[in-house]
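There are 4 protein chains.
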Amino acid sequence: MKAVVYERKGMVRLTDVPMPTIREPRDAIVRVTRASICSSDLHIRNGGVPRAKEGVVLGHEFVGEIVETGAGVKRFQKGDRVAVNVESFCGECFYCRRGFVNNCVEGGWELGCRIDGGQAEFARVPTADMSCTRIPDSISDEQALFVGDVLATGYWAAGIGEIQPADVVLVLGAGPTGLTTMMSARLFGPAVIVAADVNESRLALAKAHGLCDITVNPKEQDVVEIVRSLTEGRGADVVFEVAGAKDTFSLAWQAARPNAVVVVVALYESAQFLPLHQMYGKNLTFKTGGVDAGKCAEIMRLIEAGRLDTSLMMTHRAPLNEIICGYEIFSGQKDGCIKWVVTPFEPEKPIPAVVF
Amino acid sequence: MKAVVYERKGMVRLTDVPMPTIREPRDAIVRVTRASICSSDLHIRNGGVPRAKEGVVLGHEFVGEIVETGAGVKRFQKGDRVAVNVESFCGECFYCRRGFVNNCVEGGWELGCRIDGGQAEFARVPTADMSCTRIPDSISDEQALFVGDVLATGYWAAGIGEIQPADVVLVLGAGPTGLTTMMSARLFGPAVIVAADVNESRLALAKAHGLCDITVNPKEQDVVEIVRSLTEGRGADVVFEVAGAKDTFSLAWQAARPNAVVVVVALYESAQFLPLHQMYGKNLTFKTGGVDAGKCAEIMRLIEAGRLDTSLMMTHRAPLNEIICGYEIFSGQKDGCIKWVVTPFEPEKPIPAVVF
Amino acid sequence: MKAVVYERKGMVRLTDVPMPTIREPRDAIVRVTRASICSSDLHIRNGGVPRAKEGVVLGHEFVGEIVETGAGVKRFQKGDRVAVNVESFCGECFYCRRGFVNNCVEGGWELGCRIDGGQAEFARVPTADMSCTRIPDSISDEQALFVGDVLATGYWAAGIGEIQPADVVLVLGAGPTGLTTMMSARLFGPAVIVAADVNESRLALAKAHGLCDITVNPKEQDVVEIVRSLTEGRGADVVFEVAGAKDTFSLAWQAARPNAVVVVVALYESAQFLPLHQMYGKNLTFKTGGVDAGKCAEIMRLIEAGRLDTSLMMTHRAPLNEIICGYEIFSGQKDGCIKWVVTPFEPEKPIPAVVF
Amino acid sequence: MKAVVYERKGMVRLTDVPMPTIREPRDAIVRVTRASICSSDLHIRNGGVPRAKEGVVLGHEFVGEIVETGAGVKRFQKGDRVAVNVESFCGECFYCRRGFVNNCVEGGWELGCRIDGGQAEFARVPTADMSCTRIPDSISDEQALFVGDVLATGYWAAGIGEIQPADVVLVLGAGPTGLTTMMSARLFGPAVIVAADVNESRLALAKAHGLCDITVNPKEQDVVEIVRSLTEGRGADVVFEVAGAKDTFSLAWQAARPNAVVVVVALYESAQFLPLHQMYGKNLTFKTGGVDAGKCAEIMRLIEAGRLDTSLMMTHRAPLNEIICGYEIFSGQKDGCIKWVVTPFEPEKPIPAVVF
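Residue numbers (the UniProt record's numbering), protein chains in the order written: chain Y, 1 to 356; chain D, 1 to 356; chain P, 1 to 356; chain V, 1 to 356.
The following block holds chain Y by itself, in its conformation from the complex (with noise of 0.2 Å):
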């Protein structure tokens, strides 16, 4: 079957690669109706993700159907649609039962970086049990595509930060996860939600969707000001930290209020300053990590609901035989694009001569 793999720091191709099969009990097979490139794949391929393994298969963040169950797989059979969760965890370790799926003792972020994973005509994924959400009738593949991933991750950042009905948010980063990070604060009521990027494209986009009530560009405007007249000189009583630079950490904490909790949702390449001197006495509370993606059942019932809904994000649709295209076009943020969506494979069309 056609699949992307990741071959060496630099290298990535669609090639060949055998079937997968049933490897352990609690294993499924999902035959991929739509995948995506998530930034984590451009990390990969830039050797930022030294856990990677060469030859692996990428894409954590797909959904399909259900083709071949393993015997200790209870939940689901042949036939079901799923959304593939992008950890695996075990459900009864220390951190799992603590409801801190990412540490799961057993798996982790494992599909696509350690295993191979979704951005193929089919997958493995292990502890199938726990790891896919099941998509009711009423949702396409697509409606779902991101659940596992992306807006796993937007709806564990707002669930950690403690936003409070009549809070007034501060979304740094209106990228994906920046995007799904709004769309789950809006769930806790917060009065006004404030997103700020230096791309204003993905502003309007994030306002004109109601996203988000007021838009900054940090370029031009002064964000803390901006939060502070709307909090009477207070500031932002939680921000997110989705843009991952040096200066928007420290906006981060500037534009915080007092007694704030600032999440830091995006990935560093490098340390932080943390001037605790600065700050002393204004008592903010960091949260720092990557998503606990334990929640899936409950955003499909979002969704579901009609309370949440990325469609805005897929600005960009081809078969996989075009992902490569896609890595560019996306890894570039070129003709607008926010998510590539990949559709399955079409044997009677060519895959255009790309590399990346």
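Please keep in mind that the hints were generated in silico from the structure rather than gathered at the bench. Honestly, I wouldn't trust all of these hints.
Unchecked claim - Pair by pair, the computed Cβ-Cβ distance ranges are:
| id | chain 1 | residue 1 | chain 2 | residue 2 | range |
| --- | --- | --- | --- | --- | --- |
| 1 | P | His-277 | D | Pro-319 | 34 to 40 Å |
| 2 | D | Glu-269 | P | Lys-334 | 44 to 50 Å |
| 3 | V | Asp-137 | D | Glu-54 | 29 to 35 Å |
| 4 | V | Ile-214 | P | Asp-309 | 17 to 23 Å |
| 5 | V | His-209 | P | Gly-79 | 37 to 43 Å |
| 6 | D | Thr-21 | V | Asp-137 | 38 to 44 Å |
| 7 | D | Gln-77 | V | Asp-137 | 43 to 49 Å |
In this text, a Cβ means the ideal position worked out from N, Cα and C, and glycines have one as well.
Given the coordinates of chain Y, work out where chains D, P and V should sit on it, guided by the hints.
Using the frame of chain Y, we list chains D, P and V on its own:
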């Protein structure tokens, strides 16, 4: 000035009373611009509120303009527009410091019950700094009318309900408090709000304004069954009992899933049965009581941001002259009346010769 | 092997039954080294637990050594010493993922009720990975005996009581569950624990071991008055009702301060009155239900650290041969009996000819 | 009267100043019966607290007897014994209503920094109703000395640490604040408290008084390794950084398990590195800031109940006459000094000719 006086059990009258004056340093005098009739006023009139004093001016839900302040008032001055809180509270006692302002050792529900209230041209408000909420320029007095009582009640109830995003919430009762409970519950991101009432026009109103998603008339449909069908057989994640009858109390815990929170918002006139042996192992939490109206500033911000809007409830509107008619129409739920809004006295107009 | 069988309402017998065998992959067989009699066993014997099956081996509180495991057991192997949980649970369903293992869709209280339990020489334990807790080398079997039931219950009750440091806590009932509630409540830093019971020797025991600070006999003293005198007139911050009588239910909410949490731990045999009109404005929270025994690993760590110790409760100790005597003494609270500990069957000794 | 004056950077002197007088209605005048020296006093003396005013009387940790009250003081009267709070706060502003009294818009840390403090014979205390805590008859002034500052800090730190029963808690630093953090952490039921410091006599003191269970000298032992050995390899559930050095900041997050809370209690004089890329996926929460001293009544109740006891910290005791010697001994941690307790000025005794 004109004011509505509770003369004795069964007798409420619009009559002339002396103008209120400053008595304590923290007092303010408010010129009432909008007031309303609350079901608690009916309870007083019926003799159901023993603590209510005969001869008191009724009215604990009103807004207006400050015309005079005591020497100890720091946050307000003459000319400020404010929503008045049903509860007076000190902000300093054991209860106030925990947010339980309803049990303030110095205050609680005084206005329109033990001291003269706001169904009048003017009213004296104790501990004005704590008991008034500033109305921003962008909000009309009328938009802010319910901030201090019926909206505060729904907001408090929703807040203690421990609603999680994606929950299925059941609200029993679609009267004024039921409606504010629904709109407040919406702030916590439930997937579905189910409203139940025997008054179908109230249900229709709630649904038309997006306050709920599904409506049920318990006389014709099985509430428990409907809620279970929405939750894979479990039952409602959170139930708000805002109807106050024996059968609704029982319905509340039956429709709840195991480990649900049941918020008993309604005011009962008699004891209820709690069949603990029948619900053993269901692990329900019951929260009882009356509004802690300590978050009016948050409510005001949400109105300003367009996240809360009570205009649908203002079905009737007339000057103070006609308030006794209002009591009759409101108490009888006649003419589709949800709330009767009282505008200022108009000296040139007659006072209808009604008695309530 | 020998085992205690619930034959029918009113009849419990020590008799011979077949050895248990592995039936499901997640099963384990445990050689019972210590067991106990629980008041729930008495409820079954009296016909008060409709779900209990006639012919079942009783006993849901026991420890032992694993002698055989099914193919799906991952965390334990032959020779491991374990405390067995009263509840079997899957760890994966809606309720288990929220910690509500009591309502596990596959399990709940099965052992010694619907499947054969541990008042026997051997027992089969389903979902052993989740339902057993490893006993560390430094702890004896006997020290761990109550981990899975009566101590889990007190620990669960204390945990949902929302106790804050410096609180005044009232525990109604100083029987086995009352005692474990007290020692668990201590973990949350209350200033004072008040214990109430009509059995003065139990009160004395509790106080002598530091489980409570003040003891009250409600027949001779006014509990409400005493609690108020400790709290500047307010009442108890948290109340645990572990006695299960009509008057104690009523006492529970009367002794509570406004906005207190009242945890209803006891198992009632009839409905109780909830006079909501009398407690209006008191804003009480009632938490009801049965133990969620999902934190046995934490309990075991606290025993190991010396923070929990149930040895004071082990007033009686005898081999399985004499367990029917134990039922009689325990049920009658004779001879100062708190808990009757069952040691292994001794073939060379006689079985007293008693019937219970 | 005699008082310690911060003259300028590097110069603190015991000298004569005018008696304080009532300036605002909510003021009280306190005759100081016990005071102490705090490390913050040293920071001021070293010029490390820019907001401190030259010429101010130092001292923000003291107790005494009220000798005069302003007209607006309601809860205290002449003759009352009180512990004074390091922070003055209004109880009414946005921050105070959320318990964040450290950020009170009218107050915060004023005493002994921006207004005259308590290293004197008398002191003026603003907003006395909120800023003083009554000392019960059963407690001596000395027992209550630390309620308003160093004990409040440990209590606040422990309270935001989200300690669960059975946790393993690591406290870095066994100075005065480390010690109060340990004794406060104990209130939340951890299984084990590990204390780390390079000062072994402080560790020994902590352990001898039961404040911690295990002691570690980071110069000789591997703290991370020890903590992991106690937690099946995970790391500490909660870490309190009370040492304030670069290496302890780094140690704090390294010794923490994934999803731990790291409370940064120490006051740093420079920025710290936060290597987010190295801790990615560890999902740590960092809580920073200075004490919110709003729970002094609770602390006092716990002292009264015998649950908190700071007497072990009072290693030195001398009249105000000798306080400058105290500064030298305390700042140098000479003679095993933990805290230097100041008793009232004794006119007949000499004032040693020392300068600090």
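For each hint, the structure was consulted:
1. P:His-277 <-> D:Pro-319: 34 to 40 Å: Once the Cβ atoms are compared, 35 Å apart, the range 34 to 40 Å for Pro-319 of chain D and His-277 of chain P holds.
2. D:Glu-269 <-> P:Lys-334: 44 to 50 Å: holds (47 Å)
3. V:Asp-137 <-> D:Glu-54: 29 to 35 Å: violated (44 Å)
4. V:Ile-214 <-> P:Asp-309: 17 to 23 Å: holds (20 Å)
5. V:His-209 <-> P:Gly-79: 37 to 43 Å: holds (41 Å)
6. D:Thr-21 <-> V:Asp-137: 38 to 44 Å: With Cβ atoms ~42 Å apart, the hint holds.
7. D:Gln-77 <-> V:Asp-137: 43 to 49 Å: With Cβ atoms ~44 Å apart, the hint holds.
Hint 3 from the list above is the single one not met by this structure.
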